[in-house]
Amino acid sequence: MNGWDLLGIVVKIGIVVGITQGAVAYLILVERKIAAWSQDRIGPNRAGPFGLLQPLADGAKMLLKEDVIPTYVTKPLYILAPIIAIIAAMIAFAVIPFGPVGNTGVRLGNGDIQFQIAPGVDIGIVYVFAVGSLGVYAVILAGWSSNNKYSFLGGLRSSAQLISYEVPLGMSILGMVLITGSLDLNAIINWQDRHFWGIVVQPFGFLLFLISAFAETNRLPFDLPESEQELVGGFHTEYSAMKFGMFFLGEYLHIITVSYLTVVLFLGGWDFPFVTDQSQTGWFWAMFKIAVMLAKVSGMIVFIMWIRWTLPRFRYDTLMDLAWKRLIPISIANLVVTATVCQFLFSYSRSN
Amino acid sequence: MQPDDPSLKRMTPPKLNILEKTYLPQILGGLAVTGRHIFGAAIGGKTFTEQYPEEQHIPSANYRGVHRLNKDENGRIKCVACMLCATACPAHCIDIVGATAPDTWDDREKYPENFVIDELRCIYCGMCEEACPVDAIELTGLYDLTGLSREEMIFDKTKLLSVFDLTKSVEPMKTARTSATPGESSSTHELVTKPTDGPSMRAHS
Numbered sequence: 001m002n003g004w005d006l007l008g009i010v011v012k013i014g015i016v017v018g019i020t021q022g023a024v025a026y027l028i029l030v031e032r033k034i035a036a037w038s039q040d041r042i043g044p045n046r047a048g049p050f051g052l053l054q055p056l057a058d059g060a061k062m063l064l065k066e067d068v069i070p071t072y073v074t075k076p077l078y079i080l081a082p083i084i085a086i087i088a089a090m091i092a093f094a095v096i097p098f099g100p101v102g103n104t105g106v107r108l109g110n111g112d113i114q115f116q117i118a119p120g121v122d123i124g125i126v127y128v129f130a131v132g133s134l135g136v137y138a139v140i141l142a143g144w145s146s147n148n149k150y151s152f153l154g155g156l157r158s159s160a161q162l163i164s165y166e167v168p169l170g171m172s173i174l175g176m177v178l179i180t181g182s183l184d185l186n187a188i189i190n191w192q193d194r195h196f197w198g199i200v201v202q203p204f205g206f207l208l209f210l211i212s213a214f215a216e217t218n219r220l221p222f223d224l225p226e227s228e229q230e231l232v233g234g235f236h237t238e239y240s241a242m243k244f245g246m247f248f249l250g251e252y253l254h255i256i257t258v259s260y261l262t263v264v265l266f267l268g269g270w271d272f273p274f275v276t277d278q279s280q281t282g283w284f285w286a287m288f289k290i291a292v293m294l295a296k297v298s299g300m301i302v303f304i305m306w307i308r309w310t311l312p313r314f315r316y317d318t319l320m321d322l323a324w325k326r327l328i329p330i331s332i333a334n335l336v337v338t339a340t341v342c343q344f345l346f347s348y349s350r351s352n
Numbered sequence: 001m002q003p004d005d006p007s008l009k010r011m012t013p014p015k016l017n018i019l020e021k022t023y024l025p026q027i028l029g030g031l032a033v034t035g036r037h038i039f040g041a042a043i044g045g046k047t048f049t050e051q052y053p054e055e056q057h058i059p060s061a062n063y064r065g066v067h068r069l070n071k072d073e074n075g076r077i078k079c080v081a082c083m084l085c086a087t088a089c090p091a092h093c094i095d096i097v098g099a100t101a102p103d104t105w106d107d108r109e110k111y112p113e114n115f116v117i118d119e120l121r122c123i124y125c126g127m128c129e130e131a132c133p134v135d136a137i138e139l140t141g142l143y144d145l146t147g148l149s150r151e152e153m154i155f156d157k158t159k160l161l162s163v164f165d166l167t168k169s170v171e172p173m174k175t176a177r178t179s180a181t182p183g184e185s186s187s188t189h190e191l192v193t194k195p196t197d198g199p200s201m202r203a204h205s
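From first to last, the protein sequence lines are chains Y and C.
Be aware that the first sequence starts at 1, since it is given in my numbering, and climbs by one per residue.
Be aware that the second sequence starts at 1, since it is given in my numbering, and climbs by one per residue.
Calculated from the structure, these hints are not laboratory results.
Hints may contain errors.
Claimed, not checked - In silico DSBU-like links for lysine-lysine, alpha-carbon gap of 30 Å or less:
(1) Y:LYS61 to Y:LYS149
(2) C:LYS21 to Y:LYS325
(3) C:LYS110 to C:LYS157
(4) Y:LYS325 to C:LYS15
(5) C:LYS71 to C:LYS157
(6) C:LYS71 to C:LYS21
Please construct the entire structure, taking both the sequences and the accompanying hints into account.
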């Protein structure tokens, strides 16, 4: 790796971090708007035209508020927790392709620009799941270091929930991995581009992934760690100002990551049926593919918010029931069937 | 009730088929409902929001806001200082100083020399309005009552009468009983004088 590659990666990191952080600010506005609309309200519309400056006002509020650190907290962990929340949500972006990767034909200097921070990671998806689970540390540490029984309960619930849903989440993608024969996210997109979208070949996998992803992002109907009504906010009860804002940032970054993953794994990535092709190169197609992917991701995010205002929160035992008694058996069955079918299809195609 | 009571209606939970057991159709149904609302509000503009400072909210007719003391058609205060409102008030926020009415007021014996309502103590229950025999005190639709000090929020007679002047055009008196119409003077006179005896005596004792 020469210096130019390194510079390119730094630039890419800058762009991705900048865009996602900016997007998070606007996602909060979108969330508030959707919340308002679903309740037949208008939503924020005072700051700027259509309330478009509302994220700035929200951010300023977060930064200017007094940052209270209660005396009874375990200070190092208390400060560490929100940092982990953001970092765990951010670093998964390293392997997520946000555009075409490989022979893109987009040249700047002496190589193709890869629309992925770390292109060609063979175990991309494993990495995503590994760092995605780190987010649970933020919640547990925040809950524990707050030295507050509600926060602690929130942290406990969160750890149990995230660990439980990690299993069906991991199993749901195995079907896709078996079919495409790769753990590389680009290979998975390319396979979907050549054949069918993941949602067509793995409808159960998609459903399981979606449900588990909701649980992993702590979104309704699985937001037990922070359930406002019973746990007065759960793990972030004791947090104020920007530390609280960082948890928020982490949550929304997680939503973006999960939406990207869903799009990459099951909704064809940058694939626009009958239009795009792997062989298309050049600036136009690269931008087109990025736009297609962004559109899909936006749709996914809106869907996540839409679900939030549709379904009530699970009770804790029903939550565990769903994971262990429903999702895991279904995911195992799905995996077995997929593996069997794949085996027969592959041996059939090899014998011909 | 005994468990074997024949009047007890036994309910059996409906049997769900395999599709319903996944709850997916119901979730889709719920998504359709919220989706309808989201699109109705976002595109159709079907919202309940009132853009408050620009659009003034008009409360319902029975809204209980700031009090007013009504005036009759001669511009005199309608109140006869019977103390029924002050007695009925659960928050004890009404303070009336009664006095003998001027000789020219032939329809009543007393009138309030001072009539003070502490708007901060008031719980806006409307019981003074219900107790009043002459419909002198009414709760208006004024909801944006603000003040910079506690003293400002103690409304005296002039202030309460000015609330009437402020609101009489929008909210006419709920029962337009007149006290000085010659034909009905006897009946209204009865209405005005009868209840005043008891409470006023109590006030004197």
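Hint check results:
no.	hint	result
1	Y:LYS61 to Y:LYS149	holds (28 Å)
2	C:LYS21 to Y:LYS325	holds (13 Å)
3	C:LYS110 to C:LYS157	holds (15 Å)
4	Y:LYS325 to C:LYS15	holds (20 Å)
5	C:LYS71 to C:LYS157	holds (12 Å)
6	C:LYS71 to C:LYS21	violated (68 Å)
The earlier numbered hint that this structure contradicts is number 6, and it is the only one.
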